[in-house]
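Mind docking chain B on chain A? Use the hints.
Now for the letters of each chain:
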Amino acid sequence: MAAALIELAGIERIFQLGDSAVHALRCLQLSIAAGEYVAVMGPSGSGKSTLLNLLGLLDRPNAGTYHLEGRDVTTLSAEEQARVRSERIGFVFQSFHLVPRLTAAENIALPMILAGIAPAQRTQRVVQTLRDYGLENRADHRPDQLSGGQRQRVAIARATIMQPAVILADEPTGNLDRATGEEVMRLLEALNGHGVTLIVVTHDQALGARARRQLLMEDGALEHDSASPAGGKDANDANDACALPT
Amino acid sequence: MRTPDLIRFARGAATGNPLRTSLLVLAMAIGVAAVVVLTALGDGARRYVVNEFSSIGSNLVIVLPGRSQTGGFNPGNAVTSTPRDLTIDDAQALLRAKAVHRAAPLAVGTSEISFAGKLREVMVVGTTAEFIDVRRLALAQGRFLPVGDWRRGVSEAVIGAKIRDEIFGRESALGQLVRVGDRRFRIVGVLASSGQGLGMNTDELVIVPVALAQAMFNSNTLFRILVEANGREAIEPAKAQVTEIIKQRHDGEEDVTIITQDAVLATFDRLLGTMTLAVAGIAAISLAVAGILVMNVMLVSVAQRTAEIGLLKALGATGATIRNAFLTEAAMLSVAGALLGFVLGQAGAALIRQLYPVYPAFPPDWAVLAALGTALVTGVLFGVLPASQAARLDPVQSLSRR
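Protein sequence lines, in the order shown, are assigned to chains A and B.
Per the numbering used here, residue 1 is the first one in the first sequence, and the count goes up by one each step.
Per the numbering used here, residue 247 is the first one in the second sequence, and the count goes up by one each step.
Don't take each hint at face value.
[As the list claims (entries may be wrong)] Covered stretches of chain A (chain B as the covering partner; in silico rule of three or more C-beta atoms under 8 Å from a C-beta of chain B):
1) 13-21
2) 98-104
3) 107-114
4) 188-200
No lab work stands behind these hints, which were simulated from the structure alone.
Quantities reported herein were computed from a predicted structural model and do not represent experimental measurements.
In this text, a Cβ means the ideal position worked out from N, Cα and C, and glycines have one as well.
Chain A on its own, in the form it takes in the complex:
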């Protein structure tokens, strides 16, 4: 695990709710190699989403370090983190999060527009991506003119257009029926087959079982890691070593 893509060490995330401090993540140790397919599971409030936000650099830990591709990203400025998000991380959301006034093609081009890529190159890549995802004749449709499966395909196309190293999917099939959900998962797994690291947060046991590695979270801590059956125990041992702020 020397060339780990993601390396978390001693991560703490504490939310202040009124006077009480809630430990959303406590003393998390995690290492994910490039090209892995990981499912993060656990009950509501177990810290899955917080973990995903942290991995996506949308949130900062209160303590601990996060190395992405060998680089410590916790100490980066907000601008530098935005750059990392733009170039290395793709998000897929449960509720798609497409911009309603933009067409499918424009939604897919959005990350490239934000990154300042030249229009000619943009068009070329969008056309290619639309073809790859079977959306050629939906290019000029707005999100409200698309089916749920098509919307999620547009969202996945948008997440991959910048060729990220890792895709973070938060309940990607949560708003879809079984058949389209299956189709979307196959799409994501195909991406993983091409070497993109895939991390899926889900409630769904069946969905989680498809992943090559399962992480089970409970109460902000890693309960079980299928890659190292003792992993959960390791984490608990490390828990004692962690200097808890509270």
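What follows is chain B alone, placed relative to chain A:
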């Protein structure tokens, strides 16, 4: 983010909510239109007054007998209490001055005009042929007083339009003999109706040669001397030269008052210019109100588009990009409002000109530029707060809101 993309993105966001956008543009437009129309009214008033004054003859320098006592106590006044009179010779002497183009002496008195049993009291002005040019008057019929020796004069008179109507009615006035005071004059011309100017109504004047008027009133003094300078820039030299000549002729005493029309004009110009400025200031308040509206609408827009902002951040937008996008949107709305307001304001001013053709309601350039500039600055300024609020939004919380 590239600038064209930024502009296209902001335009898309603005047109995405047409009601909000059109209300905001309308508010901004009303502010700008108010400034344009009100300054057009104010500046129109200024131009109107200036035009009216110019119509009594431009480049005019007026010589009055006697020193106006504005400089406090003057020992000279204590010694010679009665100022010397202005005479026809004085007036003629002024023609020697280089900056003087024309001069017309003026002797004024009241008398009676009678014709065919009709009698009317009139103001009689004794002057010379130059008067009509200096005062820029127009003739309706006949000709003006003949050019000739100022100290003599033929018994010919020119009458105002109202006198003609009252004395002659439908008869032709030209060539008729009338009695003015104890003398008989032949009517050679009728002035075109023009109305008030320089304190006398030219419609009710009887104009006769200056020498005859002086004889009629049994005096050799003049009421005024009207001097026309060679040009606008010659007014000050003309004033100085006239003063110098009169001083020489009056034993070194400066016992006349010289007013330039320019000074009167300048005062009015300043006065009404200030008024226009004040009106523009009042109108600018509506621009400030529009600015606050921009802020309000943008704040609502930020609240409505929280999820979108969170998404943009997740897709790699920096705080600066988000801020620029919202600022661009505010600026675009302001520009659109300002342009619409400019068009509306110009249309309003054109309408006023159409309804009142004598009123030159043109908005001054400075006002138009200031209105457009203020609209832009307020729009962007009031856009800063919502934009930075959007830039500061926490992506996790924004994304969790639907």
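Looking back at the numbered hints, which does the structure fail to meet, lowest number first? 1 and 4
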